[in-house]
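Enquirer: So the sequences go chain by chain: A and B. FYI, my numbering numbers position 230 of the first sequence as 231, with every residue one higher than the one before it. FYI, my numbering numbers position 203 of the second sequence as 208, with every residue one higher than the one before it.
There may be inaccurate statements among the hints.
Stated by the list, open to error - Between beta-carbon pairs, the in silico distance windows are:
hint, chain 1, residue 1, chain 2, residue 2, range
1, A, Leu276, B, Asn24, 55 to 61 Å
2, B, Gly206, A, Ser27, 45 to 51 Å
3, A, Thr57, B, Asp108, 35 to 41 Å
4, B, Arg105, A, Gly49, 50 to 56 Å
5, B, Arg239, A, Asp43, 35 to 41 Å
6, A, Val79, B, Val45, 42 to 48 Å
7, B, Asn24, A, Met201, 44 to 50 Å
8, B, Lys125, A, Leu197, 30 to 36 Å
9, A, Gly49, B, Thr226, 50 to 56 Å
What the hints assert, rightly or not - Residues from chain A shown here face chain B by an in silico Cβ test under 10 Å; the list is partial:
hint, residue
10, Leu56
11, Ala58
12, His130
13, Ala154
14, Phe174
15, Leu251
16, Leu303
17, Ser309
18, Thr314
These are computed hints drawn from the structure, not numbers from a lab. Glycine included, every Cβ here is placed at the ideal spot set by N, Cα and C.
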Amino acid sequence: MISRLFEVISRRIDGPLMVALVLTISLGLTAVYSASGGGAFDRVLGQGRNLAVALTALWIVANIPPQALMRLAVPAYVGGLALLVSVALFGEMRNGARRWLNLGFTTIQPSEVMKIAVPLLLAWYFQRHEEGLRLRDYAVAAILLALPVGLIARQPDLGTALLIFASGFFVIFLAGLSWKIIVSLGVTGVALLPFLWGMMHDYQRRRVLTLIDPLQDPLGAGYHIIQSTIAIGSGGVLGKGWLNGTQAQLDFVPERSTDFILAVYGEEFGLAGTLLLIALYILIIGRGLMIAANASTLFARLSAGAISLTFFTYAFVNMGMVSGILPVVGVPLPLMSYGGTALLSMLVGFGILMSISTHKQLVSS
Amino acid sequence: MMVGQALRDPRRELTVFRNRLTVAGIAALVAFGLIVSRFVWLQVVQREHYHTLAEANRISVVPVVPNRGIILDRKGQVLAANYSAYTLEITPSKVGHVERAIDELATVIEVSPRDRRRFKRLQEESRNFESLPIRTRLTEEEVARFAVNRWRFPGFEIKARLFRSYPQGEVASHAIGYIGRINEADVRRIESAGLATNYKGTDHIGKLGIEGAYEKELHGTTGSEQVEIDAGGRAIRALSRSEPQSGNNLLVTLDIELQKVAEEAFQDYRGALVALDPATGDVLALVSKPGYDPNLFVDGIDPVNWDALNNSPDKPLNNRALRGQYPPGSTIKPFMALAALHYGKRTPEYTISDPGHWMLPGVSRPFRDWKPGGHGMVNLHRSVVVSCDTYYYGLANDLGVDAIHRFMTPLGFGHKTGIDIEGELPGLQPSTDWKWQRLKQKWYAGDTISVGIGQGYWLATPLQLATAVATLANGGTAVHPRLVRGVQDARTQEIREFPVRAREPLAIKPEHLEFVRAAMVDVTKPGGTALRVGQGAPYLVAGKTGTAQVVGMKAGEKYDEKKVKERHRDHALFIAYAPADAPKVALAILVENGGHGGATAGPIAREVFDFAILGKRPERKQKLGEEDGPSD
Chain A
2 MISRLFEVIS RRIDGPLMVA LVLTISLGLT AVYSASGGGA FDRVLGQGRN
52 LAVALTALWI VANIPPQALM RLAVPAYVGG LALLVSVALF GEMRNGARRW
102 LNLGFTTIQP SEVMKIAVPL LLAWYFQRHE EGLRLRDYAV AAILLALPVG
152 LIARQPDLGT ALLIFASGFF VIFLAGLSWK IIVSLGVTGV ALLPFLWGMM
202 HDYQRRRVLT LIDPLQDPLG AGYHIIQSTI AIGSGGVLGK GWLNGTQAQL
252 DFVPERSTDF ILAVYGEEFG LAGTLLLIAL YILIIGRGLM IAANASTLFA
302 RLSAGAISLT FFTYAFVNMG MVSGILPVVG VPLPLMSYGG TALLSMLVGF
352 GILMSISTHK QLVSS
Chain B
6 MMVGQALRDP RRELTVFRNR LTVAGIAALV AFGLIVSRFV WLQVVQREHY
56 HTLAEANRIS VVPVVPNRGI ILDRKGQVLA ANYSAYTLEI TPSKVGHVER
106 AIDELATVIE VSPRDRRRFK RLQEESRNFE SLPIRTRLTE EEVARFAVNR
156 WRFPGFEIKA RLFRSYPQGE VASHAIGYIG RINEADVRRI ESAGLATNYK
206 GTDHIGKLGI EGAYEKELHG TTGSEQVEID AGGRAIRALS RSEPQSGNNL
256 LVTLDIELQK VAEEAFQDYR GALVALDPAT GDVLALVSKP GYDPNLFVDG
306 IDPVNWDALN NSPDKPLNNR ALRGQYPPGS TIKPFMALAA LHYGKRTPEY
356 TISDPGHWML PGVSRPFRDW KPGGHGMVNL HRSVVVSCDT YYYGLANDLG
406 VDAIHRFMTP LGFGHKTGID IEGELPGLQP STDWKWQRLK QKWYAGDTIS
456 VGIGQGYWLA TPLQLATAVA TLANGGTAVH PRLVRGVQDA RTQEIREFPV
506 RAREPLAIKP EHLEFVRAAM VDVTKPGGTA LRVGQGAPYL VAGKTGTAQV
556 VGMKAGEKYD EKKVKERHRD HALFIAYAPA DAPKVALAIL VENGGHGGAT
606 AGPIAREVFD FAILGKRPER KQKLGEEDGP SD
């Protein structure tokens, strides 16, 4: 009976990926507990609730076959785009940015939907034109990508815009866009940087400048970076021990349970802890890429590859930011940071990976 | 591996995809390698650096302020003490709208207009992040009431602090001085003295009088506590502590009861009195009337009280005993008589016939005696007893100003006495050199004549007169007046007495001194200018009266008929010591606009002597100056 239940639950679950996810999430919970001051369980319980929701979503998505997921891509994308437009029109201003949509009973951040919808849609698009991809197809894909990215960048939410751009770009890249075009686009991009600078908001410019020299504004924008590098650096090889990080426990690390949780973790568990975390991330990404490599349809391959690489991007951008080599953009550390929305979209992504990984036999047979 | 599964798709497409995937995977690994190397750099190579920064972040050294020493009079009465009380302090930078917040506070605990004024003044003088008291001395009930409403007042904090109090109020305020909040000038002084560390956490400092001069003894040594703090600066727990060392208690030479008697003896007059122990120079009483309440200054004085003190025509903040420079008048006649004997210009037998005036050869205007018609036959002894001006006009002319200067300087005239508190003025002992250097003028013979009766350019402080008369009292040794005789360790109660600074006896022949002392005793007997001082006393008093002419009003003062009249009256002076045969107290008294010395200053001296020698408190029947009789 129990084994039957287990069989039902685990049928669509990819074992290695799940193990790595659970280990990482456990590390995240210990760090969130520490970041909430130790002794207070409400944050951990809150994150537990988020986790329950997100894992359920993962399980449901994992049980949907990839073909069905492909059919959901277009409605998700169109719906997400509609939401983004209504945010631009009726969205709520918070901290100078228009990112939230008030639905009366709750507020949502439509850009989160796009994190999944964009790679799925582009993968769907390439799947439909599988017979012979031409330059025109890549151009259409680029436009499909540019629409949500542009809307999100205008909110302004540069971090999310970049991540969604990355997720879409990964699909296009994996679909085989020629290196020549990639390189020339890259060169053009660099040449356009000054114009981009001109379009940036003051606070965005400040973040970039702060990265170059955090001491320039030690109590303002530089404070985050200075305090988080102090936290990480002072952790040393083995760390100060769980709940013993002075930077974290005495409030010196800002946003310590969310975007800067790595500073708490790195201070208390040292280099050993950070290496373990990176190893788990590599395992997760490696498994994801393996699933992509072995997927049976172009849609499955592209979306699995893009989701894995997007996950990598999240991890890399957050770690780079917290350790002071990338500008401060509001990107949580995947599977570690406190917060429900990011966790949900992350685990839905892994649900898709698992669906692809466990349904391929059926398709290929 | 698993190549077979891709058979359905075009092989090339799959190869491209897998190549791309490999490229991306390698790129991800490289990126993670970058992150890993960054972590190695931070956590291994730079670990020490960041460890130091983290410790500096978390550990703050909090000063532990020492208790200030207390001040005790010579009989152990408390002149300045500390008490612990609650204050409510505001850090303006943490409060949005300070005025509004105070209005709201007033609904919880009482905030008087005086509190507001004082706070405003403090706020103007300090930086925004300093914690400034809005209310001091809160009652337990007020503390409780505030605590309940605490959440409404961010940036407000109740603190338990030690306060200074001066239980004697106005009594001896000019000697004791006061402490006040450290201002920018104090900070500079502290820093240049290299004491900045020892003053961390201290926000009061001695400003004037003994509190100012003995700041070093009173302050003590600041301790420290290593405290772990959070990013908001709140202390979480103490890590280690080094105890502060309390300041020393000061043992003061004043006899506060004598001081009270002396101050009361002045009634409503302005003036000054300095009473010394002639053997040691210990100051037994130091009066400057009017005084002020030093307690007003402790928490920062409010502008209304400040203006009242600062702008009063009575100048209560001016320490007349040390800083009042008055013509000494006839009080210098005993010293002039000594000079006459010393330089052999007069013998005790030499006698003049006083017509009531004296003519300087070549000058048509006569120098008049204070007594119209003169004193008749006057020898040196009688010249002191009846204070004959004519005698001293001639004597001064014979001595010359430079001999007078030479003789008076060792007695303490014309330079600071070196009393152990700040602010003393030197007076002026004129000489030909002085006039030439300062006024670029030649000294005229006429100038000397006025100097002969303590007028003209001669200026002395009451403290100088007291020091000089103490020298007569103790048999010819100049003294260093002092207010503090020793310190007491607050912990061990061990007393360290300051040695009396010895001075060489002056080169005065004992028989000359004896002659002058005898004349001064007769001043307080029938026939003398201060007969009332000696009347009915069971001890002998040696004294000398004096009157100083008041030069006109100062420019800029408002014309007020009544005041001008009163303030144009002469200053009354009196110097004396008693008992004449074994002196215990030597004093100098100045009563501003008191008229003649014998009538107003003399009775004050008698009350002080009666208390100091007999322990007898005065029963006052008469107002000062209402007595007739021989004067000057």
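Enquirer: Now look at each hint and say whether the structure bears it out.
Expert: Going down the list of hints, with the structure as the test:
1. Leu276(A) with Asn24(B): 55 to 61 Å: Violated: the Cβ-Cβ distance is about 29 Å, outside 55 to 61 Å.
2. Gly206(B) with Ser27(A): 45 to 51 Å: holds (47 Å)
3. Thr57(A) with Asp108(B): 35 to 41 Å: Once the Cβ atoms are compared, 55 Å apart, the range 35 to 41 Å for aspartate 108(B) and threonine 57(A) is violated.
4. Arg105(B) with Gly49(A): 50 to 56 Å: violated (44 Å)
5. Arg239(B) with Asp43(A): 35 to 41 Å: violated (22 Å)
6. Val79(A) with Val45(B): 42 to 48 Å: About 47 Å separates the Cβ atoms of valine 79(A) and valine 45(B), which means 42 to 48 Å holds.
7. Asn24(B) with Met201(A): 44 to 50 Å: violated (36 Å)
8. Lys125(B) with Leu197(A): 30 to 36 Å: violated (52 Å)
9. Gly49(A) with Thr226(B): 50 to 56 Å: Taking Cβ atoms as reference, glycine 49(A) and threonine 226(B) lie about 55 Å apart, which means the hint holds.
10. Leu56: violated (25 Å)
11. Ala58: violated (25 Å)
12. His130: The hint is violated - histidine 130(A) has no Cβ within 10 Å of chain B, the shortest such distance being about 12 Å.
13. Ala154: Given a least distance of 23 Å, the restraint on alanine 154(A) is violated.
14. Phe174: holds (6 Å)
15. Leu251: holds (4 Å)
16. Leu303: holds (8 Å)
17. Ser309: holds (9 Å)
18. Thr314: Nearest chain B Cβ about 9 Å off; hint holds.
When the structure is compared with the earlier hints, violations turn up for hints 1, 3, 4, 5, 7, 8, 10, 11, 12, 13 and for no others.
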